[in-house]
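J.: Sequence:
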Amino acid sequence: MPISALPGFRDFFPEDCARRNQIVSTWRSVATRYGFQEFDGPVLESTDLYRKKNDAGAEILDQLYAFADRGGREVALRPEMTPTLARMVAAREKHYRKPMKWFCVSNFFRHERQQKGRLREFLQFNADIIGESSPAADAEILSLAIDLLRAFGFTAEHFVVRLSDRAAWMDFLASKGCDHAASLTALACADKLEREHPDKLNARLAPTGLTVEDLRTFIGQGSPQAFAPVMDALAARGLTGFVQPDLSIVRGLAYYTGVVFEVFDRSQTLRALAGGGRYDGLIHGLSDGAADLPAIGFGMGDVVLGHLIDETPAAAQRLQAALAPSLDIFVVIADEAHRPEALGIVQTCRELGLSTDFPLKPVKTGKQFQEAEHLGAQHAILVGQEWPLVKLKHLATRAEEVLDRSALVQKLKSCKLDS
RNA sequence: GUGGUCGUAGCUCAAUGGUAGAGCUCCAGGUUGUGGUCCUGGCUGUUGCGGGUUCGAGUCCCGUCGAUCACCCCA
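With the numbering used here, the residue at position 189 of the first sequence is 176, and numbering never jumps.
Simulated from the structure, these hints should not be mistaken for laboratory data. Virtual Cβ for every residue (Gly too), placed ideally from N, Cα, C. Treat the hints with care, as some may be off.
The calculated lysine-lysine pairs, modelled on DSBU-like cross-linking and capped at a C-alpha distance of 35 Å, are [claimed, not checked]:
| # | residue 1 | residue 2 |
| --- | --- | --- |
| 1 | Lys81 | Lys103 |
| 2 | Lys179 | Lys163 |
| 3 | Lys398 | Lys378 |
| 4 | Lys187 | Lys39 |
| 5 | Lys354 | Lys398 |
| 6 | Lys400 | Lys378 |
| 7 | Lys398 | Lys348 |
| 8 | Lys187 | Lys163 |
| 9 | Lys39 | Lys81 |
| 10 | Lys103 | Lys163 |
Listed next, with one range per pair, are the computed distances between beta-carbon atoms [stated by the list, open to error]:
| # | residue 1 | residue 2 | range |
| --- | --- | --- | --- |
| 11 | Ala309 | Asp275 | 41 to 47 Å |
| 12 | Asp27 | Gly239 | 21 to 27 Å |
| 13 | Asp35 | Gly239 | 19 to 25 Å |
Modelling step: build the complete structure from the supplied sequences, incorporating the hints.
T.: Rendered as structure tokens:
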């Protein structure tokens, strides 16, 4: 039996790699446009880094690729970026002016049963603003998430940001007399309102003194006062149409302290495209108090995004256009006697920064032109018996001109061949 | 971890329990130094793997591995 890739892990053949690179470069260019700086950390971390964060909920540890290395050290493949980010920030935050706007594009690993939109190894874009607690930072993060998706060709018809606020929830729950533990239980139930039977949820809610009806009433009030500053900032950017206040979003994690949000496709057929929120106490907790900075961030994975691109013609076409094969020059060797000179031309083209290809073995001229077409070449340079003259042909118009070597080089240099 | 569905050529898929096929891709040709189309020819299968029923299994049964969808969960 031949060995194939492990379940949930992917091979990236050239066409897959091109697609992935295009997604990554779109992420990078938008984040850079927003003034974010890229960082990265190690793929392998001490297992303790994840234990520390999750003393409350231990399921995460079950999904860790964790093992002992050769020295007996407990290590794990990173399942997310936030602990690494917190570690790095705590180690050197005094070096950086605030707010720190950092992003990364990294691969992550989770040992889960794979299904649509969820693999065991995936790529995720993460962006965080550290050291700024104002709603302006919340709006900046939300805008980035929106513009990231717009850069792929999506519009308000295709996706929506559902915006909620943990602080509003905690205030509400406190007003109902819930202590911290009861609040977490209530939030967990709120997260499942759409999926589980009310009876079952009411049973879970019993210790909190609340009912499903109480939660629904709170959610039903719509947009609380707390959203106003963020919504105003989004309105000033013209992005209101992408955001919908929705208190039913609570997110599973315990550490969120303020704004939380998830991005969904409008047709609601996929799982969340992106999600995140404010976590003002996490860096303090993870660093044992070495640093204490407010932060807000989110992640966007490549898997669900890829599904939505495939299902959205406008985005699929845009991606496809970016992936069309392209080559500046194909050097046609019409006379094998001049192969050495042709190689010289190839080298010159490449040194000028032009993507250039040529046949590695003798091939009939017709086949060479066919090959040039398949490779998406813009121009062909034909080297043959008339050497030292060569022909430069623009393949789209079939226009040819005869040039000597210096005229050719001049032409390649000056106009970059944009005929 | 639980349940449903599905595994046939590199890819997409056919084949009533009775001799395993097509399209695409790929490769080679279509006489002189010029094109995506077109024409001709060619390669590829222990039908995921292992058992069983049967005169005979791609087809039916069991197991196993994998894929997929849902549940669980989603940092």
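J.: Which of the numbered hints are not met once you compare them with the structure shown?
T.: As far as the earlier hints go, 1 and 10 are violated by this structure, in ascending order.
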